[in-house]
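Enquirer: Kindly generate the complete structure, drawing on both the sequences and the hints.
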Amino acid sequence: MDEDGLPLVGSGIDLTKVPAIQQKRTVAFLNQFVVHTVQFLNRFSTVCEEKLLALSLRIQQIETMLNILDAKQGSAHETVQLKSEGTAENVTTVAKDPRYARYLKMVQVGVPVMAIRNKMISEGLNPDLLETPDAAVPAWGGEASAEESSDSESSFSD
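The sequence shown lines up with residues 1 to 158 when you count with my numbering.
It should be emphasised that the hints constitute simulated quantities derived from the structure, not laboratory data. A portion of the hints provided could be inaccurate.
The calculated label-pair distances, taken between Cβ atoms and stated as ranges, are [stated by the list, open to error]:
(1) Lys105 to Asn67: 23 to 33 Å
(2) Glu123 to Ser56: 52 to 62 Å
(3) Leu52 to Ala28: 35 to 45 Å
(4) Ala95 to Glu63: 22 to 32 Å
(5) Asn67 to Val47: 22 to 32 Å
(6) Leu15 to His36: 35 to 45 Å
(7) Val34 to Leu55: 29 to 39 Å
(8) Phe44 to Leu15: 32 to 42 Å
(9) Lys17 to Val38: 52 to 62 Å
(10) Ile121 to Leu55: 49 to 59 Å
(11) Pro138 to Val109: 20 to 30 Å
(12) Lys96 to Glu63: 49 to 59 Å
(13) Asn67 to Lys96: 23 to 33 Å
Mimicking DMTMM-like on lysine to aspartate or glutamate, the simulated pairs with C-alpha atoms at most 25 Å apart in a straight line are [to be verified]:
(14) Lys105 to Asp134
(15) Lys105 to Asp70
(16) Lys105 to Glu123
Each residue gets a CB set at the ideal place from its N, CA and C atoms; glycine is no exception.
Expert: In structure tokens:
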């Protein structure tokens, strides 16, 4: 026993001599606990559902604004392209040239650069242009077609 007279081990109470708790009282406590827990969970689920609904609405608004901005950016980009095409006199960049565009795509996908350079050399293209996609593409067949057109015009003249 300790200094207060309580035993150190166990409660020291003979439970066979203690009267039992009334069964009705136990059921009432249990019912009260269940009712309060259910009310709490119902309120909690309602609040969560309202917040999720508000969040879903906000996400939809953001997606709509994003689509609108994307459309505006696309139209602005097209306008800039039209203006730049109007100012540039038939100047094609490496990125826009279909002969070089496929090789630039290969670089983006991760094909080894040396393999791409070898393939370009075998097809008669300049592999150094891979590093400068905004550079102007050298004319291909421009002089020959100019000579052919002048020959054809002279052959039809009297």
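Enquirer: Each hint: holds or not?
Expert: Taking the hints in turn, this is what the structure says about them:
At roughly 27 Å, the beta-carbon separation of Lys105 and Asn67 lies within the given 23 to 33 Å, and the hint holds. Distance hint check: the CB atoms of Glu123 and Ser56 are about 53 Å apart, consistent with the given range 52 to 62 Å. Separated by about 36 Å at the C-beta atoms, Leu52 and Ala28 satisfy the suggested range of 35 to 45 Å. Restraint check, Ala95 to Glu63: a C-beta distance of roughly 30 Å satisfies the suggested window 22 to 32 Å.
As the Cβ distance of Asn67 to Val47 is approximately 31 Å, the hint placing it in 22 to 32 Å holds. Checking the proposed 35 to 45 Å range against Leu15 and His36 shows it is violated: the Cβ atoms sit about 30 Å from each other. At about 31 Å, the CB distance of Val34 to Leu55 agrees with the hint of 29 to 39 Å. One distance hint, 32 to 42 Å for the beta-carbon pair Phe44 and Leu15, holds here, with the actual separation near 39 Å.
In this structure the supplied range 52 to 62 Å is violated for Lys17 paired with Val38, their Cβ-Cβ distance being about 38 Å. Taken as a hint, the range 49 to 59 Å holds for the pair Ile121 and Leu55, whose Cβ atoms sit roughly 56 Å apart. Taking 20 to 30 Å as the suggested C-beta distance range, the pair Pro138 and Val109 conforms, at roughly 25 Å. Between Lys96 and Glu63 the Cβ separation comes to about 32 Å, which falls outside the hinted range of 49 to 59 Å.
In this structure the hint that Asn67 and Lys96 lie 23 to 33 Å apart at CB holds, the actual value being about 27 Å. A C-alpha spacing of about 14 Å is found between Lys105 and Asp134, which places the hinted pair at or below 25 Å, so the restraint holds. For a cut-off of 25 Å, the pair hint linking Lys105 to Asp70 stands: about 23 Å separates their Cα positions. Pair hint Lys105 plus Glu123 holds up; C-alpha atoms about 17 Å apart against a cutoff of 25 Å.
The earlier numbered hints that this structure contradicts are 6, 9, 12.
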